[in-house]
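With the hints as constraints, model all of the structure from the sequences given.
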Amino acid sequence: MASNMIFERLEGIKIRFEEVGQLITDPDIISDMKKYIQLNKEYRDLEPLVEAYKEFKDIFSNIESAKEIIATEKDEEMREMAKMELDELEAKIGPLEDEIKILLLPKDPEDDKNAILEIRAGTGGDEASIFAGDLFKMYTHFCEKKKWKMELTNSSEGTVGGYKEIVMKVTGSGVYGVLKYESGVHRVQRVPQTETQGRVHTSAATVAVLPEAEEFEVDLKTEDIKRDEYCSSGPGGQSVNTTYSAIRLTHLPSGIVVTCQDQKSKLKNLDKAMKELKTRLYNLEYQKYMDAIASKRKTMVSTGDRSAKIRTYNYPQGRVTDHRINLTMYNLPAVIGGDIQEIIDQLQVAENAERLKEAGVE
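To get this note's numbering, take the position in the sequence shown, counting from 1, and add 800.
Do not take every clue at face value.
With a cut-off of at most 27 angstroms between alpha-carbon atoms, the simulated BS3-like pairs for lysine-lysine come out as follows [to be verified]: (1) Lys1075 x Lys937; (2) Lys841 x Lys907; (3) Lys1026 x Lys1075; (4) Lys834 x Lys1068; (5) Lys901 x Lys1157; (6) Lys814 x Lys835; (7) Lys947 x Lys1075; (8) Lys857 x Lys901; (9) Lys841 x Lys1078; (10) Lys1078 x Lys947; (11) Lys854 x Lys901; (12) Lys1078 x Lys949; (13) Lys969 x Lys1066; (14) Lys946 x Lys1075.
Keep in mind that the hints were calculated from the coordinates and are not lab data.
Rendered as structure tokens:
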């Protein structure tokens, strides 16, 4: 992409950025919460491009100044300093152009949202439940490092530990845009606790990450919902297990069922269940968008194929392999301990490369 083309596009973005900055101070806009939220998001999205534009202009301005010194300055030492500065400035142009190309790509509007994270034990019996528990711990440590908040919605414990199923809401900055790369089948290869002959078994768990629906995105009709109340199961004390505080919501048109039992309060469980139901309904439509781009970016599970095997955790070799980008790392204890940012970074780089190719940008 030629620099003058970048300047033209960024100048238009700068004008829009200033316009949006004015709009979000307009009392009429502030009173329209939906519009106000949309404009604030647009302002935050445009800000990195405007900052890059300022840096880009400064570089070219300094290049012109350095060239002028080289052409007119008689002091040889000054000219040498200008030449060194010119070389440094010109070396910055390419990397900054590449960064701007990525920033100019259309952003997935879901990326900034909170997420619903589901982990379900797959093939492998009791060992699969234990592995699902290991994944839950991995994501818990990762979210703690990111300073994200996790709220348990529903869980079903395995017979010898771990979980048959666990569902939680993750809240923070840009949660879905990061965690979406974790959707798919995770496979573990190790000697199970129940194995007496030391044989390595393969088990699996499925992870699904859904962008949380905003309040105004889903029109949910009361008559379309069947509501059941029942006694919670699992830990929580006598009041949890003997009162009808657990909530099950069934959306009759779609057949989607959501349960919540982690709170002692029926109203709190109902509120959580309603939010999760809205998210699942929203994702029925969102999945159509994901399917539409699946053929173009097949390596990314964020394109919708949740049945795809995405990652293997091999304990005997201390190895983690992400099959989408053929990335192999020999730091299994660190990864299981929550250090998955490097893997996600590599996946984002690969996806950006695919998106640039898709957009025809060399």
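So which of the earlier hints does this model not fit? Violated hints: none; all satisfied.
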